[in-house]
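Visitor: The two chains are supplied separately, each in an independent frame; assemble them into the complex guided by the hints.
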Amino acid sequence: MQFTLVEIPRLLPELLLLVLAVLVLGSDIFERWASNEEAQIERNRSAGSLTSIGLVLIFGIALLQSGYVYLLPADAPTNPLTNIVRNLQAGGPYAGELLGVPITPILGAFHSDHLTMIARLTFILAAFVTSTIAYETLKIRNPGEFYALLLASTVGMCLMAGATELILAFIAIELTSIPLYILAGYFRDDKRSSEAGMKYFLFGALSSCIMLYGMSLVFGFSANAGSNGPNSGFMTQFRSIAESTEVASNTTLLVVGMIFMIVGLGYKLAVVPFHAWAPDVYQGAPTVVTGFISTASKMAGFLLLLRLLEVAFPSLVGSVALSYSGLPAVEAPVGGWSALLALIALLTLVFGNLAALPQTNAKRLLSYSSIGQAGFILLGVFAWSAINPLDQAIANTSLIYYLVVYLISNIVAFAIICLVEQQSGSDEISAFNGLAQRNLPLAALMTISVLSLAGIPPLAGFFAKFYIFLAAWQAGAWPIVLAAVLVSFISLYYYLRFLKAMFIEAPEQSERLTVPGTALATIAVVSLLVLALGIYPNLLLELVNHTQVIASN
Amino acid sequence: MTQAVSLEYVLIVAAALFCIGLFGALARRNLISMLMGIELMLNAVNINLVAFWRYLEPSYVTGQVFVLFIIAVAAAEAAVGLAMVIAVYRSRTTLQADEVDSLKG
Numbered sequence: 095m096q097f098t099l100v101e102i103p104r105l106l107p108e109l110l111l112l113v114l115a116v117l118v119l120g121s122d123i124f125e126r127w128a129s130n131e132e133a134q135i136e137r138n139r140s141a142g143s144l145t146s147i148g149l150v151l152i153f154g155i156a157l158l159q160s161g162y163v164y165l166l167p168a169d170a171p172t173n174p175l176t177n178i179v180r181n182l183q184a185g186g187p188y189a190g191e192l193l194g195v196p197i198t199p200i201l202g203a204f205h206s207d208h209l210t211m212i213a214r215l216t217f218i219l220a221a222f223v224t225s226t227i228a229y230e231t232l233k234i235r236n237p238g239e240f241y242a243l244l245l246a247s248t249v250g251m252c253l254m255a256g257a258t259e260l261i262l263a264f265i266a267i268e269l270t271s272i273p274l275y276i277l278a279g280y281f282r283d284d285k286r287s288s289e290a291g292m293k294y295f296l297f298g299a300l301s302s303c304i305m306l307y308g309m310s311l312v313f314g315f316s317a318n319a320g321s322n323g324p325n326s327g328f329m330t331q332f333r334s335i336a337e338s339t340e341v342a343s344n345t346t347l348l349v350v351g352m353i354f355m356i357v358g359l360g361y362k363l364a365v366v367p368f369h370a371w372a373p374d375v376y377q378g379a380p381t382v383v384t385g386f387i388s389t390a391s392k393m394a395g396f397l398l399l400l401r402l403l404e405v406a407f408p409s410l411v412g413s414v415a416l417s418y419s420g421l422p423a424v425e426a427p428v429g430g431w432s433a434l435l436a437l438i439a440l441l442t443l444v445f446g447n448l449a450a451l452p453q454t455n456a457k458r459l460l461s462y463s464s465i466g467q468a469g470f471i472l473l474g475v476f477a478w479s480a481i482n483p484l485d486q487a488i489a490n491t492s493l494i495y496y497l498v499v500y501l502i503s504n505i506v507a508f509a510i511i512c513l514v515e516q517q518s519g520s521d522e523i524s525a526f527n528g529l530a531q532r533n534l535p536l537a538a539l540m541t542i543s544v545l546s547l548a549g550i551p552p553l554a555g556f557f558a559k560f561y562i563f564l565a566a567w568q569a570g571a572w573p574i575v576l577a578a579v580l581v582s583f584i585s586l587y588y589y590l591r592f593l594k595a596m597f598i599e600a601p602e603q604s605e606r607l608t609v610p611g612t613a614l615a616t617i618a619v620v621s622l623l624v625l626a627l628g629i630y631p632n633l634l635l636e637l638v639n640h641t642q643v644i645a646s647n
Numbered sequence: 534m535t536q537a538v539s540l541e542y543v544l545i546v547a548a549a550l551f552c553i554g555l556f557g558a559l560a561r562r563n564l565i566s567m568l569m570g571i572e573l574m575l576n577a578v579n580i581n582l583v584a585f586w587r588y589l590e591p592s593y594v595t596g597q598v599f600v601l602f603i604i605a606v607a608a609a610e611a612a613v614g615l616a617m618v619i620a621v622y623r624s625r626t627t628l629q630a631d632e633v634d635s636l637k638g
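Taken in sequence, the protein lines are chains A and B. In terms of the numbering used here, the first sequence opens at residue 95 and continues consecutively. In terms of the numbering used here, the second sequence opens at residue 534 and continues consecutively.
FYI, nobody ran anything at the bench for these hints, they're computed from the structure. A virtual CB, placed ideally from N, CA and C, is assigned to each residue, including glycine. Any given hint could be a false lead.
Stated by the list, open to error - Quick list of the computed label-pair ranges, beta carbon to beta carbon: (1) B:563 - A:629: 52 to 62 Å; (2) A:194 - B:552: 48 to 58 Å; (3) A:124 - B:545: 54 to 64 Å.
Next comes chain B alone, as it looks inside the complex (with noise of 0.2 Å):
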């Protein structure tokens, strides 16, 4: 099979957007932005796996499905995160992670 692209650069696309998503998440202070991170790092993972699937076994589909398993799960998550999010922002009027601490010890 001839493709325009070869697979490596895709696994770098993804790579990249992995590790931006993952320093989104660790170092920005912002809940919503520690989210928006998360949700980088699972689209990374659904290219890694759609290329692995188109590049290497286009016959079977069991990388498509993963993929949309993947974006089923990933829209629960998002929800679920979301009203935690406003849950916290109920109780505290504040969305910056280093305020939301009062366990400790």
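Just chain A, with the same shape it has in the complex (with noise of 0.2 Å):
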């Protein structure tokens, strides 16, 4: 197993984003540095404008070499742009059918199949989101660093996406985690964003502490058991930890370590009963930050869940499946990793939802409810436990479309929020009363994503829930899927107070609430795919059907 320069452009969606970083914290150097007002806002805007359209044509590249919207024939004619594109796309997740040999991870630790392009993809469109909404509307001290430590916590997460190893899998979380422990304390002038800050942090350096001594136990059941495989003396591959069980009489250190794990990325996720830092992180970081965690991060903690159990734990799997007239003989008991992620998620889905219920801040309801998302974002995870393999292939297609659908939906609601706050200075649900007749399309768009996320057809959310319900259905687990049906119409409640404050309250000021036109521009494509993914929802099912088999290499 050798790293050779051909892999290159296997990563290269990653290398340009960190060469994205430095350029933006290099540029900031040439920029007038004075601290009068008006300067710092060109600053920022510099900063910000390069990061964004940055963003644009790295999202053009891994396109073009993930090869979803046109894949060079194999007979094309050999001239210089062909080759480009030939080489690219040898990179990308259609090597295989390109070479005609199936692509294995880069030295085991790396793979760069359809799960991580449609991730890294999605990645880089939130960060896009976040930062033309961020030079926007935050008057941002030290901008390039800002913007860096975005695209930092970008990479980190794409790598979390791909990452089929565990010391590649720890890197990647910090990568992620700690730029955005920065981000969401940037404003240290502010007692909430300090706050924020450090609760992050505490909480997520001791979620880091308990998943490595989960890594550390799973490290030493697999190195004690060693591996028939070819992969003997790589004992944290994720594949030769499966392997390892497979020679293994005895599991308890390996179930225990497992269990660490589980908890240690239940805490990032900040799933019930791992979720008490999130309400408060969410409220008190900056609204853009707050987006791009809720969304971004918890994306790529589910991905990087998913990985691990089924590449990894296959064998402790277990079942969700009770036993009743209308589905096939069981032949597991319940037990193992999905009936754990059952139970998780069965808590999540309860107390997500009814806690947000009674909140009056905007923010910290909407925090509520992406811990109740995290509920149903579980479903398809546990559905995977299913005995039929094409069940199992709609169980990670239905939530790799959740995981994305999720993200434009809520990340649009933040974005919105955040320009409301910017305009009135209180993140309050009252700052939206009236917004209809002091901004419609504003509202128009809020109304998109909150009845996309409460799952309205004929929007993408409806199509998400439906997917995972029926995937976790087909695994057995019909009370849960019961139970998630009730509270996603006691959900509706919450998510219908903004529309609500929207349209029917008197507003408090009447004067227009005027909003940069490039946030606006970029709200409202993310909101248009909202829109047409529900309508047509093949145009990313098809894609997500690519990622449908993740085991099998």
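Guide: Quick look at the structure:
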């Protein structure tokens, strides 16, 4: 197993993001460093627009590399242009089909498959929305650092999505988290921001330690058992861990290590009962950063959890199937990680959605809502315990679909809260009163994203919920699906409070709420995506179908 | 391979260290003490990994490399954590976690 230069294109999006981070940091030196407000705004605008433009370019390159829009045919003529495209796509997820040999993870540590590619595109989109809204609304001190940290965190998320090895998984989690700690506490003169940063740091570091302890136990288990496969000596790879479970007789140590890792990741994902930090951090952090934390870093965490559980611990999956007359006979008794996650999902669904009901602060309400959403997402993770391979494929597909739809809906909602907060100076729901009269387009976009989060047809959120319920039902966890349907009705109440404030309540101020054009355009494009995916879900579903089988390599 | 100390004893020390660190991180109210608890937990992990590497697969380097990465990341984390502590102290002149409570609901 060796790293060859040919494999560099497989890491191209991450490398480009790093280059952009260095560029943003470096170009800030050439700006006018004055303490007056004008100069600061100018510095912020130039750093932020450089980040946004760079992210659009990287998105384009990644899209070309992915081959989802245009895949170079095998018999294409040879000229400089096609050579570039061919070399790019040889590092993309279609490389297996192009070269005729299945792609394996780089050094067994990082897999550039369809799952990673879709995740990369989504994270770059999230970072783009975040940076655009940030430079339009925030007064950022030392903007170069702010955007460079945002980009570093995006690199970490891309690595998390592709990690198939314990050390890389740990490094990727820290590369994601440490910049986010700083970003959450970036406005250090603001008491709430510094407190949010401190709390996020303490819980994040604690959860990393718990997860690392689990990793060390898992490493001990696999090093002890050894493996018959070709990977002996690389016992931190997910695949070697799975191979060593086949050799070992007693898996107690592995189970303990796995539970520690699930608990540690559970803290990062803010699932009940590990959610205590989330509302405070989400409320205190700058709103754009909250949007980024609650969407992109959560999605990255779920993708890592998915890969970890399906590739490293497939033998411990257990079952969530409760027998009843409509389902085929069940072989395995309830247990394993799927049952553990099902229990966490049930707690998360009930607690997250009920705790959101009495909230009056818009950010805090959405933070409880995203705790509740994590419960829905967990349905897709444990649904992999279905016996039928087709049902497992549906589980993976529905999970990725839900994650992408949740990310774009939620990031729009946070972006709009950020714009309203900047104008009115308040992040309470009452700041939204009469928004329809003050700025109808903004109110309409908020309606789309909130209804998508609630799962109202014909928006994308409805199909996402539908598929994930279907997958969990196929796995036999029908009581949890029923509970999830029930709480999604309850969740409608608090989502509709936004609509009531925007369309029914009288506005506190009558003058028009002005919004920067770039920010509005960005939000509108992303919201159109929510609408388009709702009317035509196959747009995304065809892509996501590539991620059906993760565990095979 | 014969060792003076068997693997179990090393693991027990690491587990005890981890528990002490966890207790410190959860029960102490001073932010610096909580950071110290977290460092103890990381060191417990390091002891675990080095022990597993030394006793179970000494001919490979994976366990050692893991420890080196953890040490490097822990240093970065401690730097950020201490900076956060200073930011909190400057805005509130306290390091008691109970008094850092402006976010509630």
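Visitor: With reference to the structure, classify each hint as holding or not holding.
Guide: Structure-based check of all given hints:
no.	hint	verdict
1	B:563 - A:629: 52 to 62 Å	holds (55 Å)
2	A:194 - B:552: 48 to 58 Å	holds (53 Å)
3	A:124 - B:545: 54 to 64 Å	holds (57 Å)
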